[in-house]
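Participant: Using the sequences plus the hints, can you model the full thing?
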Amino acid sequence: EAGVTQFPSHSVIEKGQTVTLRCDPISGHDNLYWYRRVMGKEIKFLLHFVKESKQDESGMPNNRFLAERTGGTYSTLKVQPAELEDSGVYFCASSQDFWFSAGTPGSYGYTFGSGTRLTVV
Amino acid sequence: AQSVTQLGSHVSVSEGALVLLRCNYSSSVPPYLFWYVQYPNQGLQLLLKYTTGATLVKGINGFEAEFKKSETSFHLTKPSAHMSDAAEYFCAVSLTSGNTPLVFGKGTRLSVIA
Numbered sequence: 016e017a018g019v020t021q022f023p024s025h026s027v028i029e030k031g032q033t034v035t036l037r038c039d040p041i042s043g044h045d046n047l048y049w050y051r052r053v054m055g056k057e058i059k060f061l062l063h064f065v066k067e068s069k070q071d072e073s074g075m076p077n078n079r080f081l082a083e084r085t086g087g088t089y090s091t092l093k094v095q096p097a098e099l100e101d102s103g104v105y106f107c108a109s110s111q112d113f114w115f116s117a118g119t120p121g122s123y124g125y126t127f128g129s130g131t132r133l134t135v136v
Numbered sequence: 367a368q369s370v371t372q373l374g375s376h377v378s379v380s381e382g383a384l385v386l387l388r389c390n391y392s393s394s395v396p397p398y399l400f401w402y403v404q405y406p407n408q409g410l411q412l413l414l415k416y417t418t419g420a421t422l423v424k425g426i427n428g429f430e431a432e433f434k435k436s437e438t439s440f441h442l443t444k445p446s447a448h449m450s451d452a453a454e455y456f457c458a459v460s461l462t463s464g465n466t467p468l469v470f471g472k473g474t475r476l477s478v479i480a
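If you read the protein sequences in the order shown, they are chains A and B.
Numbers given in the working numbering equal positions in the first sequence, counted from 1, plus 15.
Numbers given in the working numbering equal positions in the second sequence, counted from 1, plus 366.
It cannot be assumed that every hint is accurate.
[Claimed, not checked] Quick partial rundown of chain A residues pointing at chain B, CB under 8 Å, derived from the structure:
1) N46
2) Y89
3) Y125
4) S129
5) G130
[What the hints assert, rightly or not] Simulated DEER-style distance windows between Cβ atoms:
6) Q408/B to Q70/A: 26 to 34 Å
7) E67/A to L384/B: 30 to 38 Å
8) D71/A to L412/B: 20 to 28 Å
9) Y89/A to I426/B: 36 to 44 Å
10) E430/B to Q95/A: 39 to 47 Å
[As the list claims (entries may be wrong)] In silico negatives: residues of chain A with every beta carbon more than 10 Å from chain B:
11) V19
12) V27
13) E29
14) G31
15) Q32
16) T35
17) K69
18) M75
19) F80
20) E83
21) G87
22) T126
These are computed hints drawn from the structure, not numbers from a lab.
From the three backbone atoms N, C-alpha and C, an ideal C-beta is built for every residue, glycine too.
Facilitator: This is the structure in structure tokens:
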């Protein structure tokens with residue numbers, strides 16, 4: 016089974032430019048998450064898709080960030096215009112729900128991609 | 367709200383020595399707890415997780431962690447460090463085992479000295 020794929024692996028852009036990051040989750044995984052790690056700080060949640068719907072976008076830092084997941088498959092995260100403080104590593108993760116026979120929800124857990132290192136200069 | 371505290375941003379051990387990476391959490395509900403490892407230039411790899419049941423959890427590469435509810439801790443241990451264990455380790459907590467966001471600690475960088 017292919018893992019979670021992110022590209023590009025690295026991106027260096029100038030302040031004010033636009034960058035689009037892409038994440039291909041494991042096929043069939045309904046849940047897709049974006050996280051970010053700014054240098055020296057913890058990995059922080061950005062948003063959560065369930066299929067094509069945004070379940071939780073409470074971690075998005077501001078309206079310069081736009082995430083989409085068309086058709087519930089791959090997702091893109093666009094930063095426009097990029098600022099210096101947007102530099103960091105952007106991680107994507109996916110997971111798949113299942114239901115126990117008792118009707119309680121469960122999950123097989125999260126699988127992370129290798130991340131995109133974004134440098135804004 | 368949930369939070370994770372990892373004591374020590376950098377830990378150094380000698381090869382063959384015990385590895386102990388500390389993690390304390392706060393959660394208003396029974397937590398799901400995870401340890402991830404990131405090797406240089408790679409993504410986050412799951413080491414182990416606690417969901418329910420046995421509080422001592424064994425993971426990959428000889429690591430294990432024990433969930434102690436009374437101490438709100440989930441420390442990661444390995445009896446004997448290998449050079450290949452040098453990496454950054456992240457403790458994380460979630461409300462569920464996969465369909466809610468993870469909350470991460472700041473990470474601990476482990477160095478192994480020959």
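Participant: Now tell me if each hint is right for this structure.
Facilitator: Hint check:
no.: 1; hint: N46; verdict: 5 Å, holds
no.: 2; hint: Y89; verdict: 17 Å, violated
no.: 3; hint: Y125; verdict: 6 Å, holds
no.: 4; hint: S129; verdict: 4 Å, holds
no.: 5; hint: G130; verdict: 6 Å, holds
no.: 6; hint: Q408/B to Q70/A: 26 to 34 Å; verdict: 28 Å, holds
no.: 7; hint: E67/A to L384/B: 30 to 38 Å; verdict: 47 Å, violated
no.: 8; hint: D71/A to L412/B: 20 to 28 Å; verdict: 21 Å, holds
no.: 9; hint: Y89/A to I426/B: 36 to 44 Å; verdict: 28 Å, violated
no.: 10; hint: E430/B to Q95/A: 39 to 47 Å; verdict: 45 Å, holds
no.: 11; hint: V19; verdict: 8 Å, violated
no.: 12; hint: V27; verdict: 16 Å, holds
no.: 13; hint: E29; verdict: 24 Å, holds
no.: 14; hint: G31; verdict: 28 Å, holds
no.: 15; hint: Q32; verdict: 25 Å, holds
no.: 16; hint: T35; verdict: 19 Å, holds
no.: 17; hint: K69; verdict: 12 Å, holds
no.: 18; hint: M75; verdict: 12 Å, holds
no.: 19; hint: F80; verdict: 16 Å, holds
no.: 20; hint: E83; verdict: 18 Å, holds
no.: 21; hint: G87; verdict: 15 Å, holds
no.: 22; hint: T126; verdict: 8 Å, violated
Figure legend: structure checked against the earlier numbered hints; hints not met, in rising order: 2, 7, 9, 11, 22.
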